[in-house]
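Next come the chains, spelled out residue by residue.
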Amino acid sequence: MQGVDRRIRVLIAKPGLDGHDRGAKVVARALRDAGMEVIYTGLRQTPEMIVSAAIQEDVDAIGLSILSGAHMHYFREVKRLLDEQGASDILLFGGGIIPDEDVPKLKALGVAAVFGPGTSTQEIVDFLKRAVPERWKAQGLA
Amino acid sequence: MRKKHDWLRETYRKSLEKIPERPIAHRTLSDIAPEPLYTPEDIGVLDPEYEEKRGFPGEFPYTRGVYGSMYRSRLWTMRMFAGFGTAEQTNERFKKLLKAGQTGLSVAFDLPTLMGYDSDHPLAKGEVGKCGVAVSSLADMEVLFEGINLEEVTTSMTINSPANAIWAMYLAVAKKKGYDWKKLGGTIQNDILKEFIAQKEYIFPPEPSMKLVIDTFEWGPKNVPKWNFISVSGYHIREAGSTAVQELAWTLADGFEYVEAALKRGLDIDEFAPRISFFFDVHNDFFEEIAKFRAARRIWAKEMRYRYGAKNPQSWMLRTHAQTAGVSLTAQQPLNNIARVAIQALAAVLGGVQSLHTDAYDEALALPTEESATIALRTQQIIAYETGVTHTIDPLAGSYYVEWLTDEMERQAMEIIEEIRHMGGVVRAIEEGYFLRELAEASYRYQQEVERKERIIVGVNAFTDEIPLKVPIQLVDPEVERVQAERLARVRRERDPKRVEEALEGLRRAAVEGQNTMPHFVECALAYCTLGEMMDVLREVYGTYQEPAYV
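If you read the protein sequences in the order shown, they are chains A and B.
Residue numbers are given in my numbering: position 81 of the first sequence equals residue 81, and the series is strictly consecutive.
Residue numbers are given in my numbering: position 253 of the second sequence equals residue 395, and the series is strictly consecutive.
Fair warning: there could be bad hints in the mix.
No farther apart than 30 Å at their CA atoms in a straight line, the calculated lysine-lysine pairs in the DSS-like style are these [claimed, not checked]:
{"#": "1", "chain 1": "A", "residue 1": "Lys79", "chain 2": "B", "residue 2": "Lys368"}
{"#": "2", "chain 1": "A", "residue 1": "Lys129", "chain 2": "B", "residue 2": "Lys595"}
{"#": "3", "chain 1": "A", "residue 1": "Lys105", "chain 2": "B", "residue 2": "Lys612"}
{"#": "4", "chain 1": "B", "residue 1": "Lys237", "chain 2": "B", "residue 2": "Lys353"}
{"#": "5", "chain 1": "A", "residue 1": "Lys79", "chain 2": "B", "residue 2": "Lys612"}
The hints are simulated quantities; they were obtained by calculation from the structure and are not laboratory data.
Please read all numbers here as calculations on a predicted model, not as lab measurements.
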C-alpha cells in the first residue's frame, strides 16, 4: 500500500547562468497538477546547490532545464556529485535546446530521459510515473 | 480634414528631400503604378476618425508609420543577430553577413558576458561562447570589429546589465581607431526592466540598475548623439510566454517608466526621448502582430505628447526593431520554420518596422549554421524586392479588421498600463511579483491549449511525421574557453596596472557618490579593465539581486 500512496517528489532546476525559465515553470506546474510534489529551485543554481537541495528534499527525480548550450557540462557535474554523495538512486532527466547528437552522450552519462522542444507535458508525467516506481521496486521500497 | 495631396506636397516631399525614392520600379507585375499612400479619399468613403486615429505616415499619431516615405525611400535595416565562440569567429561571420547584403550588425553575447563575468570566472565554465560571443575586455572588442568601418555600419548590441561597460568598450575601439563618436550609429539594448520581468539577466537590484540606465540617457545624447542608448524590448516578454497584448502593454509601460526616471533626474524629455528605440517580437498571428505595431506607435505618440508634454515630434515617434518569434519555431519538421519565419517577417514589414531579424529554421535545435542564417536573410530580401509590399505605405490601413484590432489592442493595452500605474509603476509591480505570476499563467494556459489541441501546431500536435528529418547543426568549438582564458591572461599581464587601478577607483567613487558612471566606464575600457572587474566594483557598491522562485 505504501508504494501506491507515496507521492513522487521532483526537483526542477535551472543550472548555470541561463535565465530562460518558461519551460521549467510550465513543466513544474504540470507535474504538480499531475499529483507530484514539485520543488522549483529558481534561477542560477550551481550543480552543488542542485544536488544538495535534491538530497535535503529527499526527491525521487531531478529535472534540469538548459537552453544555453551548456548541457553537457551541467549534466555531467550533477551526475558526478550525485554519485559522489551516494545519491545515484535519484533519477536524472532534463530538457531544453539539446541537439540530437548529444542525447546518446547524455544517456551514457546516466541521464534517464531528454525531452526536447515541443514535448507534451503529459509525456513527461507518464515517464516519471513509470520510471520512478520502477526505481522504488528495484530498491525494495514498494 | 487634411487631404492626401497636402500630405504628398508637405510631409512626403520633405521626406524625399532627405532620402529619395529607391531607384526601382514601384510598379506591380501588371505594370500598375501604386501611389505612395492610399486613404479613404481614394475609395470614396468617409472616415471621420481618420486624422485622429490613423493620420498620415510621418505625422502624429504615427499609426501609419514614423517616416513620411517609409520603404518607398529606404527599406528596413536587415539586421541579423549573430555571435558565437570567440571574437575571431564572430568577426568572420559578421564580414560574411555584410558581404551577403546585410545592412547592419547585431551582436549576440554569451551568458557570462551578459551576466558580467569574465570568461575565466568559475561560473562561466561550460558557457563561454555558447549562445553568443565572449567579450571580457577591450582586447576582445577590438578583434570583434577588426576590419569593419564603424562609421559606415550601425551596430546593435544585445546587452543589458553590463550595457554601460560594453558600450564603453565599443566606443573605446572607435576612439582608438580615430572614428568620430558623433558619426557612430547603433543601439545598446540596455533595457533592465524587461530583465526583471522576463529574461532574468539582471545583476544589481532594480533601483541601482535604473540609475545605470539613466546615466546613458544623460550622457548619450551629448556624446554619441546618433546612438540609441536603449531598446525597450517586448521580445523577451513575449518569448517568456506573454500574450501579444501583454507584450504591447508591458513594453510601453517600461518605456514610460524610463521616461519618468529620466525626468526625475531633471533631464529634458526632448533631448533624450528621440533616441529611445523599441524591439518587439513578431509571432504567428498575422493580423494581431500588424495591429500591435500600429497600436504601439499610436499609444507612444499620444502618451509622450499629452501625458509627458514632449514637444519635439521625434520624441513622439516609436521606432522599432523586430525579430521573428524564436518561441514559435519547432524542433519537429524544422524546415517548416522557414515558412513560419517568412509569414512573421511579412507581418513585421506590414507593421512598418525600422529593422528586422529573421530567425533561422534550425534555432529550436542549436545556434544557426551559416546556411540557415543566409536563408533567413534571403527571406527578408524576397519580401523586400519581390512581393511588392513596399510600393505603398501601410497597405493594410482601412481594413475593417486591422483597424478594429488596432483599436482593440490599444484599448486592452491601455487598461493594463493603467493597472500598472495604479500599482505604483513597473518597479513596484516587479517587486510584487506581478509579472512573474501573469507570465506563468499565460504560458501554462497556452501549453494546455496546445496539449488539448485547441491550438494546432503543424508537425508538433498535428500532421506529425514518423521519421524525424535530420538537419545539419552548428556546434561551438570547446576550444573557445581556452582561447579566451589565454587572451585574458595576456591582457592582465600587458596593461598598465596603475591606470587600471585608478580607473576602477574612479568608477567606484562615481557609483558611491551617485555621479554619472559613463565617463568612468569609458576610462576603464581604455585601460583594459575586464568586464568582470568593472561589474565586481558595482556588485560591491550596489549588491546583487535574486528573484523569488515562483512557479
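Results of checking the hints against the structure:
A distance of roughly 51 Å separates the Cα atoms of Lys79 (chain A) and Lys368 (chain B); the hinted pair therefore is violated under the 30 Å criterion. Pair hint Lys129 (chain A) plus Lys595 (chain B) holds up; C-alpha atoms about 23 Å apart against a cutoff of 30 Å. The straight-line distance between the Cα atoms of Lys105 (chain A) and Lys612 (chain B) is roughly 18 Å, inside the 30 Å bound, and the hint therefore holds. Distance check on the hinted pair: Lys237 (chain B) and Lys353 (chain B) sit about 36 Å apart at the alpha-carbon level, beyond 30 Å; violated.
Using a Cα cut-off of 30 Å, the hinted pair Lys79 (chain A) and Lys612 (chain B) holds, with the two alpha carbons roughly 29 Å apart.
The structure fails to meet hints 1 and 4 from the earlier list, while all remaining hints are met.
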